[in-house]
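Given the sequences, and given the hints that come with them, work out the whole structure.
Mature numbering (1 follows the signal peptide of the UniProt record, and there is no 0) puts the sequence shown at residues -22 to -1, 1 to 169.
Among the hints, erroneous ones may be present.
[Said to hold, decoys possible] Straight-line Cα separation of at most 30 Å, DSS-like style, residue types lysine-lysine; simulated pairs: (1) 36 / 117; (2) 117 / 88; (3) 11 / 75; (4) 112 / 144; (5) 144 / 105; (6) 165 / 52; (7) 149 / 167; (8) 105 / 11; (9) 110 / 27; (10) 52 / 168; (11) 52 / 167; (12) 88 / 169; (13) 36 / 144; (14) 165 / 8; (15) 52 / 36; (16) 101 / 52; (17) 117 / 101; (18) 105 / 36; (19) 149 / 11; (20) 8 / 123; (21) 105 / 27; (22) 52 / 112; (23) 75 / 27; (24) 88 / 165.
In short, the hints are calculated from the structure, not lab data.
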Amino acid sequence: MNARFRTLAFLATVAFAMPALAAKEDPVAKPVKTVVQAVRYERDALALKHFGSQEQGKFLLGDNWGEGTEAQRKEFVTLFQDLFANIAFPRVRENFKNLDTITYEPSQVKGAEATVASTVFIKHPLKTQEMKLKYRLVKEAAAWKVVDVTVLGSSMLTDIRDTQVKPLMEKGGWDLLLERMRTELAKVKKK
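What follows is the structure in structure tokens.
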């Protein structure tokens, strides 16, 4: 009788566990969730590993990307990541102080590109605020990387490209762009 009870208990446990085992995590959403949690808990280096920095550089510089030397492109990527981590991540953490929950929709994949939409619920004393975000990802090697985030219909990369990168490239090319990025990073790190 005891052996039969243990067998039934085992089978019941397996039966209840099967849906959880079958529900694998969405491999496209996983880097998005990792970025969000890493930024939230001040693990910025981990978050940056999940960004498609080369793809971001190509988008931000457009045709100018190919005109830069390998050294210029490499420095741009490093400076951009440092600036982004030092400017954007603290702002995100500030917004997440009252984080309630985040829900994610199933990813939409088209070849080597994908999007993941999420809704962030922030609990304020008198109301709960909803922010709808859409992440754009690309597949690099075997991993999905976050490239852009759209908030309230506004693309982060498009805003940075149009208001900061393009004007500097038109005014003084790669040299001016990198010089300004170095200067801005030094200012941000002094704070």
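The hints, checked one at a time:
no.	hint	verdict
1	36 / 117	holds, 15 Å
2	117 / 88	holds, 10 Å
3	11 / 75	holds, 17 Å
4	112 / 144	holds, 24 Å
5	144 / 105	violated, 39 Å
6	165 / 52	holds, 21 Å
7	149 / 167	holds, 26 Å
8	105 / 11	holds, 25 Å
9	110 / 27	holds, 24 Å
10	52 / 168	holds, 23 Å
11	52 / 167	holds, 20 Å
12	88 / 169	violated, 42 Å
13	36 / 144	holds, 13 Å
14	165 / 8	violated, 34 Å
15	52 / 36	holds, 12 Å
16	101 / 52	violated, 40 Å
17	117 / 101	violated, 34 Å
18	105 / 36	violated, 40 Å
19	149 / 11	violated, 38 Å
20	8 / 123	holds, 10 Å
21	105 / 27	violated, 35 Å
22	52 / 112	holds, 27 Å
23	75 / 27	holds, 23 Å
24	88 / 165	violated, 40 Å
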